[in-house]
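Enquirer: What follows is each chain in one-letter form.
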Amino acid sequence: MNYDEAKAISRCQQGDQDALKEIFDQYQKKVYGIAYGVVRHREEALDIVQEVFIKLFRSIKNFKGKSHFYTYLYRMTMNTAIDHTRKMKRQPPPNREEDGEFQISANPEERPDRVLAHKELEEKVKWAMNQLSPDQKAALVFREVEGLSYQEIAEAMGCSIGTVMSRLHYGRKRVQELLRDYVLGER
Amino acid sequence: MRRKASFFVILILLSSPLFGAVAFAQVQIRVRVMEASNVGSGFDSSLRDLHDQLGSLFSFSSYRILKDETVSLSLNQSVSLPIPSERSLELTLINQLRVAAEVRVKISRAGRDVLTTLVRLAPGRSVSIGGPKHGESTVIVALSRL
Amino acid sequence: MKKECSSVSKLLEKYFDQEVTHAERSLVEGHLPDCPSCRDVLRSMERLRNFIRTPVEEAVEKEDLPWVWQKIERNIQLEEKRPWWEPVREWLDITPVLKKKVLIPVAVAAVVLILIMAPFLFEKTSSYPDPSVVEYVESETYNVMVYELETPQVTVIWLFEGPEQELSTS
Chain A
31 MNYDEAKAIS RCQQGDQDAL KEIFDQYQKK VYGIAYGVVR HREEALDIVQ EVFIKLFRSI
91 KNFKGKSHFY TYLYRMTMNT AIDHTRKMKR QPPPNREEDG EFQISANPEE RPDRVLAHKE
151 LEEKVKWAMN QLSPDQKAAL VFREVEGLSY QEIAEAMGCS IGTVMSRLHY GRKRVQELLR
211 DYVLGER
Chain B
84 MRRKASFFVI LILLSSPLFG AVAFAQVQIR VRVMEASNVG SGFDSSLRDL HDQLGSLFSF
144 SSYRILKDET VSLSLNQSVS LPIPSERSLE LTLINQLRVA AEVRVKISRA GRDVLTTLVR
204 LAPGRSVSIG GPKHGESTVI VALSRL
Chain C
3 MKKECSSVSK LLEKYFDQEV THAERSLVEG HLPDCPSCRD VLRSMERLRN FIRTPVEEAV
63 EKEDLPWVWQ KIERNIQLEE KRPWWEPVRE WLDITPVLKK KVLIPVAVAA VVLILIMAPF
123 LFEKTSSYPD PSVVEYVESE TYNVMVYELE TPQVTVIWLF EGPEQELSTS
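Chains A, B and C are the protein sequences, given in the same order. Start counting the first sequence at 31; every next residue gets the next number (the numbering used here). Start counting the second sequence at 84; every next residue gets the next number (the numbering used here). Start counting the third sequence at 3; every next residue gets the next number (the numbering used here).
One should not assume that every hint holds.
Said to hold, decoys possible - Negatives, chain C to chain B, calculated, CB over 12 angstroms:
| hint | residue |
| --- | --- |
| 1 | H24 |
| 2 | L34 |
| 3 | C37 |
| 4 | S39 |
Stated by the list, open to error - Okay, the calculated beta carbon distance ranges per label pair:
| hint | chain 1 | residue 1 | chain 2 | residue 2 | range |
| --- | --- | --- | --- | --- | --- |
| 5 | A | A36 | C | G32 | 39 to 47 angstroms |
| 6 | B | G207 | C | L117 | 49 to 57 angstroms |
| 7 | C | Q155 | B | R195 | 29 to 37 angstroms |
| 8 | A | S163 | C | R41 | 49 to 57 angstroms |
If you are wondering where the hints come from, they were derived from the structure by calculation, not from laboratory data. Backbone N, C-alpha and C define an ideal beta-carbon position, used for all residues, glycine too.
The whole structure should be built from the sequences, with the hints applied where relevant.
Expert: Set out below in structure tokens:
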């Protein structure tokens, strides 16, 4: 079925839930990707996806078409995800010994040490991202995960391109410092 | 347009309790009537909060509660209570200030005014009126605002 | 070389993000083959991007999201049976009040309210600073004395019923 965004938005603004489903089908993976990129936790990311589309249904009447719909939706997703992270405390980088349970891949060819190393890196990346300011984290997720251009990021974040570049620069710098060993290829 | 009108209606309705709260203010006054004497000793437990106050002024050895009531006073309405030796205590709320309530207190006996006073009662500070004799004891009326 | 490196290094991020102009791209790509340091910077940025992006791509790949729609649908239906105060709260949204046409009547209403409430807001306070004091005492028959202490906070009005009466004071 062809997706006509303008019509779907208009119908959704009239309260048509089928239209919301169309929008959901179109954007579900993008929204989940942004949510996961911020919280790095499956269940939380899924909660955020739910919350975003419920919020969207409530607030889509406010969308006047002055910006692209997808930047409007991405901004909503990012704000919802950031709100979730605010409830989380900053965690120290987990050591292997402190790791809780982890799932060993069902693939028998996956070596346990590789799985562990992978898990450790994921946790470290999550921790490092959590040390950024919300704006820096948002810019990094939009750029590195979603591949948005500077212009698109500026529209989604409601700031100038110069500000986007600054946030990206300092966000990258900080994460690189925190993941120094990994980024330099020593691990 | 309808929302505009509704907003004004709600504004008026929301502010009406303010008028009500002020116009129909009720003040709760605790009235404790006690007899103080030098016969025997003891301090009634319900007078515990007044111990320091009374003790700082008087050296009666005994304070015994005769009546402990809470009265509700509305503006310009009087409430009368009988007190020992055929006296009557009349309380009238004259004015309701932000913190204090102005209460006119009249003690009368056999239809004659013995004492009239206007006091301001605020939470945390009591006013005691004493002196009328009751046998070997002296009547003290302690008023406090709840 | 050094001079060129310092100007190119400022462009590396933009180049990495494919936000450079044509001229800038030529400058960077002309410089990279001869500069291992700039190449290392780009490699680090690439590694960092992979660290950030790969787990997300993997998570999105293995997640089956259509079941999430069922939860969203259910929540919206539950929302439609919202608590009674929710529509009232939305309805009381005073954003329209800030529009010019409504502002004047609202201002008038506010002024009227203030005028009505002024006597209560600016009521005369007593000349006595104390909240609980004796305004006056009258007795045609007996002597009266008023004792007021600050510590403890006590006010006593004492009625002397006869000239021979002695007050038992401390």
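Enquirer: Work down the list of hints and note, for each, if the structure agrees.
Expert: Hint-by-hint comparison with the structure:
1. No beta-carbon of chain B comes within 12 angstroms of the beta-carbon of C:H24; the shortest separation is about 55 angstroms.
2. The non-interface label for C:L34 is consistent with chain B: the shortest C-beta to C-beta separation is roughly 63 angstroms, beyond 12 angstroms.
3. In this structure C:C37 is separated from chain B by more than 12 angstroms, as the shortest Cβ-Cβ distance comes to about 66 angstroms.
4. Every Cβ of chain B is farther than 12 angstroms from the Cβ of C:S39; the closest lies at roughly 65 angstroms, confirming the non-interface assignment.
5. Evaluation of the 39 to 47 angstroms hint for A:A36 and C:G32 yields a pass: the beta carbon distance comes to about 45 angstroms.
6. The supplied range of 49 to 57 angstroms is broken by B:G207 and C:L117, whose beta-carbon atoms lie about 34 angstroms from each other.
7. A C-beta distance of roughly 32 angstroms is found between C:Q155 and B:R195, which places it inside the suggested range of 29 to 37 angstroms.
8. For the pair A:S163 and C:R41, the supplied restraint of 49 to 57 angstroms is violated, since their beta-carbon distance comes to about 30 angstroms.
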